[in-house]
Amino acid sequence: MISRRDMLKTGAAAAAALSAPRLALAQEPAFAPKPGAWRDFAVTTRLDLAASGKAQAWIPLPSVREEEWIKTGRNDWKTNATLAEVVRDPKYGAELLHVVFKEGEIAPYVEVRSSFALRDRAEDLAAKGAVPALSDADRKLYLEATELMPTDGIVKETAEKAAAGKASDIDKARAIYEWVVANTFRDAKTRGCGTGDVASMLRTGNLSGKCADLNALYVALARSVGIPARDIYGLRIAPSKFGYKSLGAGSEIVTKAQHCRAEVWLDGYGWVATDPADVRKVVLEEPPGNNTVDNPKVVAARQVLFGAWEGNWLGYNVAHDVVLPGSQHKVGFLMYPQAEVAGALLDCLDPDTFKYSIKSAEITA
Amino acid sequence: MGPAPLLALALLCASVPAAADSLKADTLQPWTSEQAPLLALDRLDGPAVDLATLSGRPVVVHFFATWCAPCIEEMASLNAFSASPGAPVVLAVNVGEVEARLRTFFRTRPVVFPILLDRDRATMKGWNVLGLPTSFILDRELKPALKTEEPLDWESPAVAAALAALSPKAASPVQPTKPDKGETPR
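Protein chains in written order, with our numbering: chain A, 1 to 365; chain B, 1001 to 1186.
Worth double-checking, as some hints may not be accurate.
What the hints assert, rightly or not - Capping the alpha-carbon separation at 27 Å, the derived lysine-lysine pairs in DSSO-like fashion look like this:
| id | chain 1 | residue 1 | chain 2 | residue 2 |
| --- | --- | --- | --- | --- |
| 1 | B | Lys1125 | A | Lys140 |
| 2 | A | Lys330 | B | Lys1125 |
| 3 | A | Lys245 | A | Lys256 |
Unchecked claim - According to the in silico footprint, chain B covers these stretches of chain A (three or more CB under 8 Å from chain B):
| id | segment |
| --- | --- |
| 4 | 180-193 |
| 5 | 339-350 |
No wet-lab data here; the hints were simulated from the structure.
A virtual CB, placed ideally from N, CA and C, is assigned to each residue, including glycine.
Generate coordinates for the entire structure from the input sequences, incorporating the hints supplied.
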């Protein structure tokens, strides 16, 4: 394993490589999300639980209200539960469908269909606009530490080093983005999207993981230097129209296509899209795989994913440390279906055993 | 920088750090607290365990998670260590994961010590654990002795030397959970 010190050294060198003059390329890959036409989608989540005790379940519903890039629609469901109600998390506004089955239900099931519309995002970072200020309450919320994202100690120390010499929030936010891209690694062996235990990542020097690790690290680092930031937990629901196989859903079955992205609040720009974890995904997974950092597709993704993202991804919510209604259990984030049978939480990272499936469809009619 | 070194550097950057050789032998440090925090937790597929009942033998309290790559390698080392004659009692405290996931994990990596469940991370906080893995060693009177915040090579001579002063007396260790028919040990 590479030590933290070694990794930081490597990361510094990699950052230099990333900023080196680019080789002349015959054909630059196009990765250029731009706000344009809206696309309508529906995601259907179905749970079929084992009948071995009293059961209840929680399914995340699209609840991000950002009409520049997502418009939420209806949520319809069918179930043999005795209770089915939409519950809204009071702190973050995350919505979920909570279903409770009667004890002895032979085949507990629930199927939820959520409709929504998406389009690309791209901020013009060249000039500030007339964006209303972030409210004091939201600024406080998106600067605070969470269970897994401390904003002091090694997190703050790391962010201050990453953003050293930068004065403005936008320059600091970009510097931290570059630091995360240069110093972290996507680990294909990480289960699900990872855990997001930022302090453990930094203390052990193991800066590998997936989106819930790498983008949580970005958010924690940004918050630690006073820049409001948040993870958005969601789901890839369509292929990339820019030909990035690694940055889209591979089929209509999206049971394991969870993905979280991040935003930073920059005065004069508003919430700005970013996704350093997806840069590392392109490095590792974009065919043929194990790409070099100067691979044109990697370079294009790195340049774009601070300020823009493609509208082929559903954002469910921005919640952390969610206590599941009607349960003693708390989850670090609400991106997967959750269920409890006989008081024990099922493993949401094991959909075949759980069991659940998620399908997506673009509505074109 | 020319293309060749750039390529080599890039390949290095693109690779996932290998788990091998991550264990360290010399990171045990004095644990200078006056007394150990409380620890009484449910156990995966077994009765609850209270640290306070385990005096008479040194105890290792090891905080881990299955998503933590260094923890996985260390778990094998800790298991081999705990099975050696005269080894301290080992309590492995899982932080914040669901039991179903732990059963799946230990089905293919059985261990001889109990897995305790810090479901709400309260014990982790009480012990001021800032990252995983973290291990504490208490002497046979359950006084704080040593700690490390690194993945430890428990079978190394350095660890054996550090533990020599904490030689155990005969005591009844916590027995591992016996798996039910077709069930995972923990």
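So, going through the hints one by one against the coordinates:
1. B/Lys1125 / A/Lys140: holds, 23 Å
2. A/Lys330 / B/Lys1125: holds, 16 Å
3. A/Lys245 / A/Lys256: Holds: A/Lys245 and A/Lys256 sit about 15 Å apart, inside 27 Å.
4. 180-193: holds (count 8)
5. 339-350: holds (count 7)
Against the hints set out earlier in the document, no violation occurs for any number.
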